[in-house]
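Participant: Fit chain B to the given chain A structure using the hints.
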Amino acid sequence: MRVFLRDLLRYRAEFRIGLVLVALVLLLSVLASFSPYPPDSVYVVPPDLPPSPTYWFGTTSRGQDVFWQLSFAIRNTLLFGGTVALVSRLVALAVGLISGYKGGWIDRALMSVNDTFIVIPLLPILVLFYFVMRDRISWLMLALIMACFGWAYDARLIRSVVLSLRQREFTQTSLFSGMSTRQILTEEHLPYVVPILFSTTMNNMVWSIGLEVTLAVLGFTDINTPTIGGMIYWANQHMAMVAGIWWWIAFPTIAVIMAFIGLFLLAVSVNAHLDPRSRLWSTGEAS
Amino acid sequence: MSGYAGYVGRRLAQFLLVVFIGINIAYVVTHASPIDPVEQSISAVTSFGNTAPEAIDRMRHSLRELYGLGGTPVQQYLTFWKRILSADFGPSLSAFPTPVGTLIGRALPWTAGLLTVSTIIAWVLGNLLGGLAGYYRQSRGLKLMGVIAMGLHPIPYYILAMLLLILFGFIWPVLPISGGATMNLPQTLTPEFVWSVLQHAILPALSLILIGVGSWFLGMRSLVSNVLAEDYVVYAELAGVKSWRILTSYVMRNALVPQVTGLAMSLGGIFNGAVITEKVFGYPGLGSLLVDAVYAGDYGLVLGVTTISILGVSVGVLAIDLLYPLLDPRVKVS
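If you read the sequences in order, they're chains A and B.
Note that the first sequence covers residues 1 to 287 in UniProt numbering.
Note that the second sequence covers residues 1 to 334 in UniProt numbering.
Keep in mind the hints are simulated off the structure, nothing from the lab.
Quick caveat: nothing in here was measured; it's all calculated off a predicted structure.
For every residue, glycine included, the Cβ atom is placed at its ideal position computed from N, Cα and C.
Heads up, some of the hints might be wrong.
[What the hints assert, rightly or not] Using C-beta positions, here's what the derived DEER-type ranges look like:
{"no.": "1", "chain 1": "B", "residue 1": "Arg-137", "chain 2": "A", "residue 2": "Arg-182", "range": "43 to 49 Å"}
{"no.": "2", "chain 1": "A", "residue 1": "Gln-172", "chain 2": "B", "residue 2": "Ser-139", "range": "46 to 52 Å"}
{"no.": "3", "chain 1": "B", "residue 1": "Ser-62", "chain 2": "A", "residue 2": "Gly-104", "range": "47 to 53 Å"}
{"no.": "4", "chain 1": "A", "residue 1": "Ser-164", "chain 2": "B", "residue 2": "Ile-148", "range": "33 to 39 Å"}
{"no.": "5", "chain 1": "A", "residue 1": "Leu-175", "chain 2": "B", "residue 2": "Ser-243", "range": "45 to 51 Å"}
{"no.": "6", "chain 1": "A", "residue 1": "Tyr-192", "chain 2": "B", "residue 2": "Leu-128", "range": "34 to 40 Å"}
{"no.": "7", "chain 1": "B", "residue 1": "Leu-125", "chain 2": "A", "residue 2": "Leu-190", "range": "26 to 32 Å"}
{"no.": "8", "chain 1": "A", "residue 1": "Leu-163", "chain 2": "B", "residue 2": "His-61", "range": "53 to 59 Å"}
{"no.": "9", "chain 1": "B", "residue 1": "Arg-137", "chain 2": "A", "residue 2": "Ser-180", "range": "45 to 51 Å"}
[What the hints assert, rightly or not] Away from chain B, derived, C-beta distances all over 12 Å, residues of chain A:
{"no.": "10", "residue": "Leu-19"}
{"no.": "11", "residue": "Pro-46"}
{"no.": "12", "residue": "Arg-182"}
For reference, chain A alone in the conformation it holds in the complex:
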C-alpha cells in the first residue's frame, strides 16, 4: 500500500493536483470549528458587502459572512458525501464479495436486484421521499436513503474482481486448508479489492454531492443545515445573481467545483494506476 501511494505521488500528475485540491477543501472545512459565528444564525454581520479585508468573501443578504458560512457548508457537504460513500461501500462490498465468490443462484438473485437498482431513476424517487417526509427529512436520513441506492454499480465492479480471484490457485489452497467463506473473503480477497474500493469511494462522493446540490437547489432537502446546495438555494431565493451579489454564489460554486475536480482526479489516477498496462506506460515514460 505504501509503495502504491508513493508511486502514485511520483508518477501521476493528476493524483498530485487532486490531492492539493482536496486538501484545500478539507482545510476550509476544518476551519468551520474556529468560526466566530454559529452556523445557523442570520444577521450577524452587515448584509450585502462585497469581498473586503474584513469579510474575505463578502457577506450575504441574510447577514452571514460568506467565508465562515462556506466553511460550514463545505464541511456538511463533505460529511454528507462521506456518509453516503461509507454506508453504500459496506453494502457494495458485501454484495460484491458474496455474489462473486458464491456464484450459482445466490449470484443470480443478487445480480437481478443489483441490475434493478442500477436502472431505477433515482431523482423522481428522492423527490417522492422528500414529498412525503417534508420538513422531517434530515441530512442524515437523506444520506442513508441515497446510500441505499448508490451501491449497485460498484457491487458489480467488486464482483467482477472476485470472479477472477476465485479462479486463482490461492483460493483453492485456502479453501482446502480449512478456511471458512468469511475468512477467505475478508482475509484473502478483500486486500485485492481495497484499491478499487478507494476509487469507487471518490466517485460515489462526487455522485452523492452532485445529487445533494441538485436537490438542495430545488429546495428539496433540509435547507436550514448549511450545505453547498443550501447556500445556492438561499442565494437564489434572494435573487443574488440579479441583485449583483455574485460572491454569494461564486464562492460556494468554486469550492464545490474544486472538491469535484479533486475527487475525480484522485479516482481517475488510482484507476489508471491499477491497470498494469497503463502503469508500465506511465512509469516507463517518466524514468
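Facilitator: Here is chain B on its own, set in the frame of chain A:
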C-alpha cells in the same frame, strides 16, 4: 434463434422485476410516510379560503378513495396496483379537474424529444472525438480537448446551466431563456412553431451536450487506448493496413460496444436529467411537472410522474438490451 428467445425471456423477466421493485418502492415510501397525504391535501386546499365543513368531509372521503387508503393493507396494496396497471392516477389537485394522465401526456413529448436528441448528439460527438483522441495520442488539439473534458466533466450540471443562461440570456441576449415555444403560437406543425421549438431547445440542449460529451469522450479515449494494445491491432499495423481503416473498423468498432450499454443507461437516466434542466430553463416537460407538483402538494401527480419515469427507464433499457445481440455478435445469447 432459440438462444435469442431465451435471452429475450430473461430480459423480459428482468424488465418486469425492475418495474415491480420500483413501483413497490413508490408504494412503501408513500405509505410509510409519517404525514397523512389526505390531511396534507385538505390543508393545502383549505388554506386558500373558507370551505364548508361538509365539503371538507366529502373531500376527505373522496381523497381516501383516490389514494386507495380504504380497507385492509392487502386491499390497499391491490388497489394501488390496479390503479397503476390501469394508468389511472385520478384528477390532479393543482390543476383540478384535469386528470394526471393528461398532464403527463402533455409534458412527456417535450422531455422525451429534448433529452433523446441531446443525449444522442452528445454520445456521437463524444465517441468520435474520444476515439480520435485515443488513437492520435500526439495531436495537440485533441490533448487540449482531453484537458477541457477533464475539467468540464465534474462541474455540477446546475452551475453550467446557470452560466449558459447568464451568458446567452442576459449578457448576450440572443436566445430565448425560458419555455418550450413562443407562448401564443398554436401548437401545430407550422414552420413558425417548429422554428420556435428549435430555438427554445438550443440552450437546454447545449447544456446537456456540454456535460455529456465530456464523459463519453473520456470513456471512449480510455477504451480505445486499451484496444490499441491488443495483438490484432499490432498485427494489422505490421501488415500495413491503412491507419484510417484500423481506426474505424478495428479499433472504434470494438471499443464502441461498452459505450452502447452506456447509451442505454443514460437514455434510461433521461428522467434524472430532466428535472434540473427543465427547472432552470423553464421547459414544459416532466421535470417541471414533477417539481411544480411537489410545490403544490399534488400527491397523485407526483406518484404518476414517478411511475412513468420508472416505466420509461425500464422500457429504454429493455429496448437497447434486445437490440444488443443483433449489433454485436460476440454477446453470448446462449
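Participant: Output the numbers, in ascending order, of every earlier hint that fails for this structure.
Facilitator: Checked against the structure, the only hint that fails is number 7, while the rest are satisfied.
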